[in-house]
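Participant: Following the hints, complete the assembly by docking chains B, C and D onto the known chain A.
Protein chains: 4
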Amino acid sequence: MTQTTFQLTPELVKAAQAAMRSRDRDEIAKYWDPGVRFLVPGNHPYAGWREGLDEFMSFHNKLVELSGGSIRMEMFSVLVNEDGYSIDMNRCHATRVGAAPDSTSPYDQMRFEGVDVLKWENGRVVEGYAAIFGEGMTNWNLFLSPVTGDGHHVAV
Amino acid sequence: MTQTTFQLTPELVKAAQAAMRSRDRDEIAKYWDPGVRFLVPGNHPYAGWREGLDEFMSFHNKLVELSGGSIRMEMFSVLVNEDGYSIDMNRCHATRVGAAPDSTSPYDQMRFEGVDVLKWENGRVVEGYAAIFGEGMTNWNLFLSPVTGDGHHVAV
Amino acid sequence: MTQTTFQLTPELVKAAQAAMRSRDRDEIAKYWDPGVRFLVPGNHPYAGWREGLDEFMSFHNKLVELSGGSIRMEMFSVLVNEDGYSIDMNRCHATRVGAAPDSTSPYDQMRFEGVDVLKWENGRVVEGYAAIFGEGMTNWNLFLSPVTGDGHHVAV
Amino acid sequence: MTQTTFQLTPELVKAAQAAMRSRDRDEIAKYWDPGVRFLVPGNHPYAGWREGLDEFMSFHNKLVELSGGSIRMEMFSVLVNEDGYSIDMNRCHATRVGAAPDSTSPYDQMRFEGVDVLKWENGRVVEGYAAIFGEGMTNWNLFLSPVTGDGHHVAV
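Taken in order, these protein sequences are the chains called A, B, C and D. Start counting the first sequence at 1; every next residue gets the next number (my numbering). Start counting the second sequence at 1; every next residue gets the next number (my numbering). Start counting the third sequence at 1; every next residue gets the next number (my numbering). Start counting the fourth sequence at 1; every next residue gets the next number (my numbering).
Treat the hints with care, since some could be wrong.
Heads up, simulated SDA-like pairs for lysine to any residue below, C-alpha to C-alpha not over 25 Å straight-line [unchecked claim]:
1) Lys14/D - Lys30/C
2) Lys119/D - Phe76/C
3) Lys119/C - Asn90/D
4) Lys14/B - Pro10/A
5) Lys62/D - Met75/D
6) Lys119/C - Arg91/D
7) Lys30/D - Glu82/D
8) Lys119/D - Met20/A
9) Lys119/B - Tyr31/B
10) Lys119/D - Arg111/C
11) Lys119/A - Gly151/D
12) Lys119/B - Thr9/A
13) Lys62/D - Phe112/D
14) Lys30/A - Met20/A
15) Lys119/A - Met75/A
16) Lys62/B - Asp83/B
17) Lys119/A - Lys14/B
18) Lys119/B - Glu82/A
19) Lys14/B - Thr9/A
20) Lys119/B - Arg72/A
21) Lys14/A - Asn61/A
22) Lys119/C - Asp150/B
23) Lys119/B - His153/C
24) Lys62/C - Ala19/C
25) Lys14/B - Ser70/B
26) Lys119/A - His93/B
27) Lys119/D - Ser22/D
28) Lys62/D - Gln7/D
29) Lys14/D - Met75/D
30) Lys14/C - Phe133/D
31) Lys62/C - Gly35/C
32) Lys119/A - Asp33/B
33) Lys30/A - Thr5/A
34) Lys119/C - Lys62/D
35) Lys30/D - Val64/D
36) Lys62/C - Gly98/C
37) Lys119/A - Asp83/B
38) Lys119/A - Thr9/B
If you're looking for bench data, these hints aren't it; they were derived computationally from the structure. Nothing here was measured: the structure is a model prediction, and the numbers come from that model.
Same shape as in the complex, but just chain A:
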C-alpha cells in the first residue's frame, strides 16, 4: 500500500478500532503498524508510552482481563484531516472483575468520555494518544489503581 492509494476516512478509523477490539493479530496488523507507539493516559501501572504493537495489544488485553470482558466503548463521532490525524470520540464503561454487582465505587466502576488521537502513515496507525475528559480521568486512575479502596496492594 502506498501513500497515494491511502484515504483516511471515518470508516477506516472504525475498522481499525474494531480490529483492535477483535484481538485478532492478523486483522489488527492490517491497520496498526508493528512499530506503533501509544500514550496511555493517567498515572497508574499501565500508563505511559506503549512501544510497538505487542505492547499496545497487551495493554488492551489487560483492560479486557481487569474488566472480566465487560469493557465497552461506544464511538459517537469521528474526525479526520489531511495532516494524517484521526480522532474518535468515545464513551467507555467497564466493571472490575470480582466487584460486588451493586458497587458504585470508582475503583470498581469505570465510566468516562474521551478521545483516541491516531496518526496515520501509509494506511496504518503509527502513533496514538488517548485523553479523558473531566473527572473521568480520576475514575480511570482509580479503576487501574495499584491499590484498592481498602488499601490492598494489587500485583501488576
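Facilitator: Here is chains B, C and D on its own, set in the frame of chain A:
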C-alpha cells in the same frame, strides 16, 4: 446566521481560538455562544464545567494572570467533521508569575500537549471539553494546585 | 503558665481536641496558641499551612459545614513525649451535606484513619500537621475536591 | 521474650529502624514479627498493605534500589505509649538512580517529613502504617510513579 450558511472549517476554529486569546468580548462573541459550557480538565480549583461565556472567559483570564501573561498555545493540527465537532491539537507552555527564572518545578513550569473539542451550532461554539495527554495532566494539576510545593496554601 | 508548670499528658491532648470540636473560641484559646500554624494534608482547596488560630478554626468550621455537621472523629490512642510532641490517632468519618443517603461515592462519604501531630510550648499548641493512612488520603482529597464526580465545579 | 519483660522505649524503636536499614534479616527478625503487615502510603505500584516480613523487606530493598542507595532517613523525635504504639517522626530524602545530578524534578528528588506508626506485641512490631505530611505526599507518589515526567512507562 443560519445553519445553512454555516461552514465549519479549520479557519473558523483558528479564528475562534484567536478571538478567545484576544480577550476582546465583542470579538469573542462572534464565535462563542453566550450560553457556552466548557469542561476544564483536571482536579484543581479551576476544574469542572464553566457555565456561560463569562465564566469561561474568567477561566482564561485566570490562566493569563497566573502565568503573568506568559502562557502560549501553538495549534499544530485542526480537525472538523459533519457532526459539528472541531478538535484542535495544541502545545501549551507557561511559567508561573513570581517563579524563580530557573525553576523547573512542575508547580512553576507548565508544558503539555492536548486537545480542545468544540461543538458548534449555528456558527458558534455551544459546548467544549479540553483534555491533556500523558503526564502533562499531572503538570497541569500541579501548576493550578491550591497548595505550593512547599505546602503554602494558595487563596483561589 | 510557664514551661516549668506545664505537663504534656494524653488528658491535655484530649482536652485540646475537645475544645477545637466545641468551636468555642475562649475554650479553644486555652489550648491553642493564637499564632498556631497547621499543615492540612492533601491537595485540595483547603490544603496547606493554615497560619494563625483564626485560619485554623475556619478550616474546622468548613469541615463541619461541608459535612452538614456529620463529621465524627474517634481518638483511639494518644502518645506524648519530652520533646513537646503529642500525636493522637483517630478514625474519622463524615457524609457530605446534600449527598444521596445511600451514596457510597468517595466524593460523598469520607472514612479514614490518621494522626494529628502537635507541637506544644508553654502549655499550648504552636504547630501541627495531620497525615492520613493509605487510600484514606485519596478519599480525603475527593471529599474536599473542587469538582464533583460528574464534573461540576464547586465554588470554594 | 514475654509480654512482662517487654519495655517499649524510644531506644527500642531506634534499634528496630536501624535493623531494617541494615538489611540483615537476622538482625531485623529481632524486632519485626515474621507476620508483620505494613501499610505503605500513597497511590503507586508499591503502595498498600505489605503482608509479612519478606514483603515488607522487599519494599525497603526497592527503595534502596530506586535511589541507588542514596535514601536517607533522619529520625527527629520518637513517641511511645502504653497501648503498645510507637511513632517515629522522620525527614527523608533520596535521589533517583540515573537522575541528572542537577535535576530538581519531583520524579527524581524525594524530600518529605512523615511518621512511622508501629504496633508492638511481645517485643516485636506486628503492624505498621506510614504517613507523609503536606505536598511530601505528592513528591512521594511522583518519585514512585509508574510513568516518568516525559511519559515513559516504568516496568514495576
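Participant: Take the hints in turn and mark each one as holding or not.
Facilitator: Evaluated hints:
no.	hint	result
1	Lys14/D - Lys30/C	violated (34 Å)
2	Lys119/D - Phe76/C	holds (13 Å)
3	Lys119/C - Asn90/D	holds (15 Å)
4	Lys14/B - Pro10/A	holds (23 Å)
5	Lys62/D - Met75/D	holds (20 Å)
6	Lys119/C - Arg91/D	holds (16 Å)
7	Lys30/D - Glu82/D	holds (21 Å)
8	Lys119/D - Met20/A	violated (50 Å)
9	Lys119/B - Tyr31/B	holds (11 Å)
10	Lys119/D - Arg111/C	holds (21 Å)
11	Lys119/A - Gly151/D	holds (18 Å)
12	Lys119/B - Thr9/A	holds (20 Å)
13	Lys62/D - Phe112/D	holds (18 Å)
14	Lys30/A - Met20/A	holds (10 Å)
15	Lys119/A - Met75/A	holds (18 Å)
16	Lys62/B - Asp83/B	violated (31 Å)
17	Lys119/A - Lys14/B	holds (21 Å)
18	Lys119/B - Glu82/A	holds (20 Å)
19	Lys14/B - Thr9/A	holds (23 Å)
20	Lys119/B - Arg72/A	holds (24 Å)
21	Lys14/A - Asn61/A	holds (19 Å)
22	Lys119/C - Asp150/B	holds (19 Å)
23	Lys119/B - His153/C	holds (20 Å)
24	Lys62/C - Ala19/C	holds (16 Å)
25	Lys14/B - Ser70/B	holds (20 Å)
26	Lys119/A - His93/B	holds (23 Å)
27	Lys119/D - Ser22/D	holds (21 Å)
28	Lys62/D - Gln7/D	violated (32 Å)
29	Lys14/D - Met75/D	holds (8 Å)
30	Lys14/C - Phe133/D	holds (22 Å)
31	Lys62/C - Gly35/C	holds (20 Å)
32	Lys119/A - Asp33/B	violated (31 Å)
33	Lys30/A - Thr5/A	holds (15 Å)
34	Lys119/C - Lys62/D	violated (33 Å)
35	Lys30/D - Val64/D	holds (21 Å)
36	Lys62/C - Gly98/C	holds (15 Å)
37	Lys119/A - Asp83/B	holds (21 Å)
38	Lys119/A - Thr9/B	holds (20 Å)
In this structure, the hints that do not hold are numbers 1, 8, 16, 28, 32 and 34, in rising order.
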